[in-house]
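> Residue numbers (my numbering), protein chains in the order written: chain Z, 72 to 357; chain X, 72 to 357; chain Y, 72 to 357.
Be a bit skeptical, because a hint or two may be false.
Repeated chains share a single entry, so a pair holds when one copy, or any two copies, can fit it.
[What the hints assert, rightly or not] Okay, derived cross-link-like pairs now, DSS-like style, lysine-lysine, Cα gap no bigger than 25 Å in a straight line: (1) K301 x K242; (2) K159 x K242; (3) K301 x K172; (4) K168 x K301; (5) K301 x K159; (6) K301 x K356; (7) K159 x K354; (8) K168 x K285; (9) K112 x K356; (10) K301 x K354; (11) K286 x K159.
Don't read these hints as lab results, they were simulated from the structure. Just so it is clear, the structure is predicted and the values come from calculations on it, not from any experiment.
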Amino acid sequence: MLRNSLIGSLRQIKPILCSQSLRSLSNGENSGLTTIEVDDKSGIATLSMNLPPVNTLTLNLMHDLIDSINQIECNKSRGLILTSSNDKVFSAGLDLKELYKPDQERLKEFWTIFQDLWLALHLCGIPTAAAINGHAPAAGCIMATACEYRVMLPDFVIGVHATRFSFLVSKWMMLSYQSVLPRRIVERALNQGKLFSTQEALEVGLIDEVAGSKKEALAQCAAFIGTFDKANPIARTLTKRMCRDSDVTELLRDRAGDLRACVDYINTPLFQEGLSAHLEGLKEKK
Amino acid sequence: MLRNSLIGSLRQIKPILCSQSLRSLSNGENSGLTTIEVDDKSGIATLSMNLPPVNTLTLNLMHDLIDSINQIECNKSRGLILTSSNDKVFSAGLDLKELYKPDQERLKEFWTIFQDLWLALHLCGIPTAAAINGHAPAAGCIMATACEYRVMLPDFVIGVHATRFSFLVSKWMMLSYQSVLPRRIVERALNQGKLFSTQEALEVGLIDEVAGSKKEALAQCAAFIGTFDKANPIARTLTKRMCRDSDVTELLRDRAGDLRACVDYINTPLFQEGLSAHLEGLKEKK
Amino acid sequence: MLRNSLIGSLRQIKPILCSQSLRSLSNGENSGLTTIEVDDKSGIATLSMNLPPVNTLTLNLMHDLIDSINQIECNKSRGLILTSSNDKVFSAGLDLKELYKPDQERLKEFWTIFQDLWLALHLCGIPTAAAINGHAPAAGCIMATACEYRVMLPDFVIGVHATRFSFLVSKWMMLSYQSVLPRRIVERALNQGKLFSTQEALEVGLIDEVAGSKKEALAQCAAFIGTFDKANPIARTLTKRMCRDSDVTELLRDRAGDLRACVDYINTPLFQEGLSAHLEGLKEKK
């Protein structure tokens with residue numbers, strides 16, 4: 072029926088704590104690009120991205136992130152804090168080299184695992200927060216908006232600057248942005264490819280708090296996770312999924328179509344030329 | 072056709088002033104749990120809930136509310152102000168005892184009349200405002216958000232704290248909340264089961280004004296109803312219904328499915344145990 | 072497929088710079104009711120409405136506006152600023168005389184070209200801004216909200232006051248309003264037929280900046296257009312269309328149905344009487 076959600080009946084309780092079944096990839100070995108630390112006292116798991124130099128979302132890092140989210144979700148942690156081992160960059164976003172003159176089969180695998188990562192974060196059954204301890208451009212920002220709360224350190228930037236390298240984000244990526252920001256702000260920021268400073272991000276609501284240090288950011292994220300203490304965890308999970316249902320359904324109802332449209336776009340001369348110029352620019356900056 | 076609204080053509084003028092036809096129950100006798108006072112001068116009707124001790128939404132109170140809304144709507148009142156005869160509680164929300172170890176047929180009747188009450192308030196043809204002169208948790212808050220304006224007295228709480236007693240609200244209840252608050256706030260508040268203080272409610276926009284007394288609250292609601300004086304009443308009604316069409320359609324397109332999903336959820340051990348603990352907690356408070 | 076947009080694949084690059092193909096009317100001669108000035112230095116085109124006394128949207132003015140938007144869009148201008156030659160009125164909105172005791176065929180033509188104008192502004196491939204140098208009621212406001220940025224001079228009014236002359240706006244017109252303002256504000260303002268003062272419009276976000284003079288307003292609009300300099304123009308256009316897709320689709324999926332519903336409504340005694348009284352009121356004001 073029309074009203075049925077593609078993620079299954081919203082009131083179906085099992086299996087809700089482990090949401091892997093909605094994703095497409097089987098889990099291989101974890102390459103060790105992420106670390107999980109669980110605080111014994113609070114029961115909160117801190118998931119750190121640890122791929123030097125800038126936590127670029129390579130196929131392997133995305134695989135390890137999904138694997139780690141699954142582990143944390145299924146091991147009854149009280150919450151998940153996403154952060155970076157790097158003190159300058161939260162994540163630099165997708166590995167753009169995978170998009171430049173791509174091998175077609177690998178590109179499909181790459182985009183599919185990015186869809187999976189987005190779903191893993193959006194549907195994660197336990198409370199999630201991002202301690203943004205460095206720059207968070209493009210997919211780095213998308214990961215942060217997929218969490219339920221955002222604490223950021225000063226003097227960094229966050230935002231989806233895809234139009235600056237000729238990229239067109241998918242509708243489900245736009246919906247992540249819209250779930251946090253007013254529509255007027257989203258259209259303008261996406262069109263501009265705007266990178267918000269920490270202060271600007273706070274003013275528009277893209278982040279919830281500013282922290283003086285990573286330690287403080289982690290504590291603020293933990294305090295946020297503590298705000299759910301009076302809620303029944305399963306009712307909370309079902310409620311979160313209901314709130315996110317329309318966004319998630321946008322992707323789930325036609326994952327193959329999104330993949331095809333993205334691959335086609337990535338292969339256009341327009342995008343290849345725009346990306347080439349962008350990659351040249353990045354080289355010169357170094 | 073796709074674009075046709077389930078509430079009928081949005082531009083269809085008759086019958087618009089009496090919206091009962093969209094609801095499912097025939098009207099029985101009114102049990103006198105509500106009172107209607109019409110101000111002869113202003114033409115505004117004040118509808119008071121009057122079921123001691125805390126205006127719990129029992130089957131009878133909901134029946135009387137719907138009946139009173141119909142009367143006020145069809146008797147050409149200039150506006151409707153929803154308030155409470157109790158000076159501590161606006162409404163304590165649904166009668167949770169009806170959800171605990173329920174008789175199945177009665178549970179269906181109970182949920183159906185709650186759907187009807189929600190529709191009666193959402194589609195009410197005349198201007199509506201809530202004078203929230205006491206606590207407004209759960210369905211008490213949903214009733215307030217179904218009105219067009221909210222004035223609240225200090226030192227009370229308002230919010231949908233369903234997750235605290237393991238309940239999962241229906242999508243149409245979430246949409247009431249979203250029609251008033253930004254999405255980011257809604258997801259967080261629903262997940263937390265947050266009860267906003269009067270001051271917090273004002274800051275996020277869940278209420279529009281704070282009043283020093285019930286008398287003042289009623290006057291502020293009347294002033295709001297006065298802001299429609301330049302609008303043609305029928306064009307106003309049609310415009311209101313258009314603005315609310317997508318939310319109302321969420322319920323109307325599959326009322327039976329919503330009923331089934333809710334009844335199934337209410338019968339789960341998860342919910343029955345959560346509710347049992349919650350009811351025990353309420354007893355101890357007394 | 073369901074997810075396919077009615078404006079074609081969102082990632083389809085050609086033909087994107089000229090969006091006429093989505094509209095229904097062939098272009099006839101331009102009657103000279105608009106002027107285009109292109110700043111050689113900035114490459115920005117200023118499109119002025121120039122139909123005394125108050126830029127009422129007549130069939131001819133709408134025709135010329137669409138024609139001018141097409142020209143500017145296809146001639147590789149860097150941006151479009153919509154403004155008025157009149158220093159008191161931006162645009163008084165639709166020519167209400169066309170709605171009063173209308174010739175049916177002409178009414179259909181009139182409403183269809185208004186749909187076309189809305190589409191032309193919403194889908195315009197280049198950055199758009201409105202320099203609102205006078206009153207902008209009704210369709211004057213809708214045109215401004217269809218642009219990406221709004222700068223307004225003090226002491227004027229803007230808003231959709233349709234209910235004051237018994238009109239019911241179409242859903243796609245409401246969506247223009249919702250793309251700029253929060254839902255709670257939109258419902259209330261549409262129901263009231265509210266005209267916001269410049270200062271009120273700034274506070275709710277209906278406009279982005281206030282300017283001291285028309286010259287300043289044009290400069291602020293040009294500065295806004297400059298914020299897209301780092302974005303790839305084609306990726307920007309596709310991103311803008313994606314952000315607006317759900318609104319535009321509301322109209323495109325059943326233009327004929329919208330036309331039929333509007334024509335039927337306009338022919339009702341309710342509307343004809345309301346409009347008659349409104350037109351009498353306007354006469355008396357003069």
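> Each hint should be assessed against the structure and marked as holding or not.
Here is how each hint holds up against the structure:
1. K301 x K242: between (34 Å within a copy, 22 Å between copies)
2. K159 x K242: This pair counts as neither: shortest intra-copy Cα distance 29 Å, inter-copy 41 Å.
3. K301 x K172: between (51 Å within a copy, 23 Å between copies)
4. K168 x K301: This pair counts as between: shortest inter-copy Cα distance 21 Å, intra-copy 46 Å.
5. K301 x K159: Result: close only across copies, 24 Å inter versus 36 Å intra.
6. K301 x K356: Only across copies: K301 and K356 sit 16 Å apart there, 50 Å inside one copy, limit 25 Å.
7. K159 x K354: Result: close within a single copy only, 18 Å intra versus 53 Å inter.
8. K168 x K285: neither (30 Å within a copy, 47 Å between copies)
9. K112 x K356: Close neither inside one copy (44 Å) nor across copies (29 Å); limit 25 Å.
10. K301 x K354: Between copies, since 17 Å is at most 25 Å while 51 Å is not.
11. K286 x K159: within (15 Å within a copy, 43 Å between copies)
Hint violations for this structure: numbers 2, 8 and 9, all remaining hints satisfied.
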